[in-house]
Amino acid sequence: MLELIIDGITFGLLLSLLGVGITLIFGLGEILNLAHGEFAVICAMLALIFMERGVNTLLSIILGLLITGLIGLALERSLISLVYRARGETRILLGIFITFGLSLAIHSYLVNTIPKAFFSVKLPFEAIRIGGLIIRPSTLLSAVISVLALVLLEVFLKKTYTGKAIRAIAQDEMDAQLCGVNPAPLRTLVFILGAVMAGLAGILYGLIATVAVIIGVDFTLLALIVAIVGGVRSIYGNILSGVILGIVHTIASFFLGAYLSLVILLSVTIIIILTRPEGILGEKG
Amino acid sequence: MFTWEGGSLNEILSIKDVYAAYGDLTVLERINLEVKEGEIVLVLGSNGAGKTTLLRTISGILQPKKGQIYFLGRRIDGLPPYEIVNLGISYVPAEGGIFPKMSVMENLDMGTYVTKARKKKGERLHFVFQLFPILRERKDQLAGTLSGGERRMLSIARALMSLPKLLILDEPSFGLAPKVVSELFKAIEQINNEGTTILLVEQNARQALTVADRAYVLENGNVVLEGNSNEIANNPLVKKAYLGM
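Protein chains in written order, with this note's numbering: chain A, 10 to 294; chain B, 64 to 308.
Hints may be right or wrong, so weigh each one.
To be verified - To spell it out: a stretch of chain A is covered by chain B in this simulated footprint if at least three of its residues, at any positions, have a beta carbon under 8 Å from a beta carbon of chain B; those stretches are:
{"no.": "1", "region": "163-175"}
{"no.": "2", "region": "276-286"}
Unchecked claim - Calculated Cβ distances over 12 Å to all of chain B for the following chain A residues:
{"no.": "3", "residue": "75"}
{"no.": "4", "residue": "140"}
{"no.": "5", "residue": "178"}
{"no.": "6", "residue": "197"}
The set of hints was computed from the structure by calculation and includes no laboratory data. The beta carbon of each residue, even a glycine, is placed where N, CA and C say it ideally should be.
Based on the sequences and whatever the hints tell you, model everything.
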């Protein structure tokens, strides 16, 4: 049972990485990125392509993350910047349609070109035993890297001028402009950041399981649930909800299977939306 | 190279024949207004006269339909707000002007987002804390937990952190207790004495006229009266409409 909880936390942290990206992108540009999970798959597949060409695993992963960032940049400057031209409700709807279309396009392309591609990373270490507890080094590594990435993000948002400006835009864009912040380049930066964090989540999923090309939609769905439960404007809320939902998902999958687990997750989401529409941490996050 | 494009030399702000509208609704009709270096200029007017629209147009939130705005000889109409702040105009809106989910200190940090203000941050902090000592006590508190008066102080302090040459205040006394209002007007005079030019919109005409050098009266998007504060304070129309005499 304890092992299940550890697996759940690890998976949950990975979901937090995805959820935080959705939250930041929505907070800055009011775009609910329904293609978010695809970046996880793109990054894993890019790393896989390099690995199959004999490139060292770590280098392949770094190249994968870099190219994912560049793809994020290209998409933001082309497709996503179209959405910013609209305002208010129109922008939100347009964002949903465009990113949903993008998700379908990426998904279909990958499924048609490399249907049998599977990305996973095997570590050359033995499992660690602590008392009766068996911990896989890959689980541990995945959790540590997730925490590290989230801490770095937090430091960036809290301590740098750019990070503070990003938080300022999320609170009140016009007010941020009155402080001298130009929102457009920061929106681009946050989209790239979101894409790279999703990419990292894809790589880390390859450590604890296997990334197949069809899994992007599942990532998007789980990330959306994490973002909604965590409060769509709260980073801390996202991390907490990621971990809680990760544990619930892992335990429910183990005892009831993946299908019922998803039903349970969605039920939890509905209950939280009804009782705490601002997310689990409310306004505080 | 820097070139002087318009306005006379000691004018910091010069508004020439400006029209502004929300959609089809014209709010400002051919406004002309000047602010000279070192002045406190007051804009009076009833609700809906176009005072806030005027300030929003200067700060770049709203683009004028026609006319020109010059700041230190440089044409600024059409520029986005973040560039106008960089040139040296800080606008404090009547509501907001703070980031409620950030601490007081982080709000002041955002004031120094303007690059040229970052080097003088320490000096500036000293000045705003001396101006509003309560902010020093509250510096680690979330801005959203401050009282109305403290929020107003923070929004002015944040704007001052950007080292503005021209500070624009929209109804700084609105909704505040009389004691806080007096403090605020004292602070406004202090800010002006320290060398910052101020453009002020106020409902509280009596107190505002005592600190202002000159005043404009706005009605239905037009300047109907202008002059030094004494002239304006003694004008029968102003006495009746704004001073309740």
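Results for each hint:
1. Given as covered by chain B, the region 163-175 of chain A passes the check, having 3 residues with a CB less than 8 Å from a CB of that chain where 3 are the minimum.
2. Remark: the region 276-286 of chain A is not confirmed as covered by chain B, as 0 of its residues place a Cβ nearer than 8 Å to a Cβ of that chain, below the required three.
3. Distance check on residue 75 of chain A: its Cβ is at least 29 Å (rounded) from any Cβ of chain B, clearing the 12 Å threshold; non-interface status holds.
4. Under the 12 Å C-beta cut-off, the non-interface status given to residue 140 of chain A relative to chain B holds; the minimum distance is some 43 Å.
5. For residue 178 of chain A, the non-interface assignment is contradicted: its Cβ lies about 10 Å from the closest Cβ of chain B, within the 12 Å cut-off.
6. Remark: the non-interface label on residue 197 of chain A is consistent with the geometry, its nearest Cβ contact in chain B lying 15 Å away (cut-off 12 Å).
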